[in-house]
Each structure stands twice: as structure tokens, then as C-alpha cells.
Amino acid sequence: MTVATRSQGKQPEEHQSRRRMLTWLSSFALFASVVLAAVSDWLFFKPRVTYGPNARFAIGKPDDFPPGTRISRDVERVCIVREGNKLAAISTTCTHLGCIVGIADTGFACPCHGSHYDQDGNVTGGPAPKPLPWFQVTLAPNGEIEVDKNSQVEPGTYFTV
Amino acid sequence: MSTPTETPSRTPLTTLRELPSNVWNSIFRNPLPSTDLERASTSFTNFFLHIHPVKVHKNTLRPVYTLGLGLMATFLFVILVVTGVLLMFYYVPSTTQAYDRMLDLRGTVAFGIFLRNMHRWSAHGMVAIVFFHMCRVFLTGAYKKPREFNWVLGVLLLLVTLFLSFTGYLLPWDQLAFWAITVGTSIAGYAPLVGKQIQFVLLGDTTVGQEALLRFYVLHVAVLPAVLVLLMAVHFWRIRKDGGLSRPEKAEKPAPEALPQAGVVKLKKVYGLQGFVRGPFTKVGNVPDDSVYSWPNLLMAELLVFALTISVILVVSLAFSAPLEQPVNVMHPPNPAKAPWYFLGLQELVSYSAFWGGIGIPGLMVALLFLVPYIDRTTHGVGRWFAKERLLANTIFLTLVILNIIFIVIGTFFRGPNWTFVSPF
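As they're listed, the protein sequences go chains A and B.
Its first residue numbered 1, the first sequence is counted upward by one per residue in the working numbering.
Its first residue numbered 1001, the second sequence is counted upward by one per residue in the working numbering.
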């Protein structure tokens, strides 16, 4: 019956709604701070530079890879393929769980979970979900072949030397 | 120092003579207890003992009920902290130095290999014991109301334990470590939408390298242990706030013959916490007393479990050395490349489908584990192993546990080069 009014000249409902408003605003501010903290943490932990090997690297002159070559360069994790005068760089990082695939008679085989790929990197068996990506190959001004692991090309895209 | 205002007998000599006992009494306010009141006081005047209640239910002390698994996990963690801190004095989280430091533990550090063995075997042990502790809690129905949230904390503790073990696995920087972490973090990459981002942030790079080693090191020695200690504290605190360890329903009911006869015991009216322990009963009213004093009963039980745990770890560490493979060679993954044994069930699943094996099924299992006490709202069958009323729940749980063990066994013993099926026999 009697609702205590704690300040003069104000209706109880006004009090209630102001209190509710302040509660709502402070809850919102708290929530916003938590979101802000989470975003800041994410930005902090996501490195802006990495210290690993360069994604773009030179592999040598075209003559270093005579026709018919299939060389797996394990440091850069690419396989250099030369057929005739056509060159390509196929990734040797298994698309399943990141192990290095080895060169097998039929193409590539992964030692970790048994994925198999054909000569062009298409999946022929095992749990790998995607074919091995092909990377862009270019000729640098100094005559060396450059591979850029940041730019993938359609499988079957060769660079003609 | 004596002053004229003190008693005449106080000479510097008496002060000196009384020094040891004065120091002792200033630290330990209680004499070694000989009465129930003193037994109670011992529990709540000592900082390290006051984690215990003054009295515990007899059921709590039955070895066949708890198997001491929670205590074992705790003690293994203590051993891990001590040996881990010691190992930190000789370890450098650098790709060029880490492996050499492992060799130094073998060659130049006194007790180095022994400490590493203790740390490794305790870590494996802790993963297994925490898992068994969870099985015990499930099979005795101990997660039911009012202990639902403590079960949730327990699942969190299991996950943190696994993550601690996983981050520690990389630190020796040998072939086993490198490829296990390569595979393990790639699994994270399969999470929908944010998977690749999470993998990148976890590794600090696109591949496992120096950044990953540093990140895993900081997580392993600082972040995760702190989280684990906090969760453990709440886990223990809640055991008491939830009314002690779970016990059969009938243990709560008063048995008629246990009721005190009127007039035999005259309770003096006392107030405060100590009042409850002054008389022979811990509870107010005509409730039979099925509890015993923590000192010495619970203390002795704990001491026994500790002695058992550390003995096993010492013997195993003397008998078997922790494996150390060749230094990391990013060009030649071992064939087959295997994760730590407790993840081999996952790796086996992953060999069928990376998403379902690595994210889908494990995610579903963990979600189910968290929800167990909120799905099963029945109140019967608490406090007994394999209670008849819980046949369905126990069967489902055991089936999943056994499936997990089968997958681990297949992944461990039946998988050879290129993850082809081999027979170990």
C-alpha cells in the first residue's frame, strides 16, 4: 500500500524506471568492456609479423631442373615439377593435417594418416579433403625461378621457360 | 631479556630454555590432539589443514568408494609443479637450444634425467588418473544434485589437464614433439569459420616453429597451471559446500538404534562452530553420528594415498626413462607420425575424417560431458558403484569410455607406416 519514496517530489515509478535504466546501462557497459577486452586480447595474440621462412623464394635457374624432374624441396615444402619446358610448384604440405607428403611412385603419399595423391596432387585415397595446391612460379630479373606460396594457381597451370 | 616487572624466576637462561617451545607454540596453537575438541581445533586452526572439515562421513573414507583417485590427481599435480619448476632452471624455450638442454639433462645436470622422468610419467599418470576419477564420479552417480556444477568444473579440469600435457609435449623439440604438435594444431584448423585463425594464433605463425615453442612454453609453465590451480581451489571448496563427498541416500537417514537415549547424554548449550563438536554429535537434533574426525582419520588416508602415489612415480622413474627422439627435422616426419597416446583415439578418428574425427565427435563428446548432470535429473542411485537404478546411464557412459579406449589401442598398437593397419603380434 505504501511505497517508500526516497526523494521528495518524485513518483515511485520514476524511481523504479531510473534505477532500471542505470542497471541496464551499467550492465551494458560491463558487457562492452568484456567484448573490448576479448577483441584486444585477440589483436595482441595474433602476430603482425611472423619470423618463419619467406613465402616468396628463389629456387635456382631453370637449367637446374632438367625436363622430367620431380624434386621435393622439404625446407620450403614444395615439389618442383618440370615436364618439357613447363615448370610448376606443388605444395608438399598434406591438406589433411599438415605433415610433409613424400614422393611416391603414384604421386605423393602422406606418412601421418595415409593420404595419397596422384602426380598432379589430386586426392586418390585417405582422409585428405582437398588436392595439394599449386603455387605461382615466375622468372625473376636475375634469371632465377621464384615461387610464391602466398598466391595459389589452378592445378595444371604451368610456367613455360 | 628480563625486566624487574616480570616474575623473579625469569632469567635470560629460562627465556633461552623456553625458546624452542615458545616458538613451536606460537606456530602451532594446538598440542597434538588427545581429545575430540583438540582434534577439531587442529583442523581449523592450521592453515594447511583447514581445507578439511572437522569431521567427515565414514563413507568418504571407504577406499573402495573413491579409490583415492581425486587425491592421486592432486598429488601428481604437486609432483608436476615441483619437478617442473626444477626443470625450468635448466630449460631454454628456443628451437636452437631446447633439444641440447634435453641432452644436458641426461649428461650434465645432477638428477636431470630422473627429474624429467618423474615429470613425464606424472604427466601421463595425471591424464589417466583424472580420466579414471571422472569415471568413478559418473559410475557412482556423484554428479547429481547438488553437485552438478562441481562435475562441470571437473570436466574443465580434465580439459585443462589435457591441454597442459599437450603444450608440454612440444618442449623437448624432438621429432615426436614436433610432428605430434603439427598434427594436433592442424586439427584445430578444421574448426568451422575460425579454425585457421585459431591455429595461427596458437602457433604464432603458419607452421610450428620458434613462435609456437615460446607460446606453448608460456602456456605450459604459467597460464595453464594458474588456471588449473584456480579451478582446483573452487573444485575442492565446492566439495564441502555441496555437503561433502556423495554417499548413499540411506546413509543420511537416522537409524533408530543409533539414536541417543534420553538422559544419558546431557548437552551443554554452546554457541558457535566449536559448539557442534564439543558434544558427541556433529548435528543438532536426534541424528546418528556416522562421521569421524578428520584428524587423524582423513589425514592418515591422505598420507597413505600420497605415499602410494609418490612411491609408484619414483619406482617408475627409476625403472623407465622418458623417450627422447632425434632432434626436430622438419624435412622428415617419422613414419607413422603419432600424437601422444591419449590423443591417439582422436588421431585414429581423424584418419577417417579430419572434421568429424578432430572437431565434430570430440566437440559433441565434451558438450555431452558438460551437460551430464543437467540431462540426468534423476536422484536415485547416488553413492554406490553400478547402482541398478542407473543401469542405462552407466551403460551409455561405459560404452563411450570403452570405445575411446579401443580407438586409443588401435591408434597405438595397430597403426604402422602411412597409417596402414598392422598387427603388433
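Please keep in mind that the hints were generated in silico from the structure rather than gathered at the bench.
Be a bit skeptical, because a hint or two may be false.
Short derived list, chain B residues pointing at chain A, Cβ under 8 Å [as the list claims (entries may be wrong)]:
{"id": "1", "residue": "D1205"}
{"id": "2", "residue": "E1389"}
{"id": "3", "residue": "T1420"}
Using N, Cα and C, we set each Cβ at its ideal position, and we do this for glycine too.
Results for each hint:
1. D1205: For D1205/B, the interface hint holds, since the closest Cβ of chain A sits about 4 Å away, which is under 8 Å.
2. E1389: 42 Å, violated
3. T1420: Since the shortest Cβ distance to chain A is 6 Å, the answer is holds.
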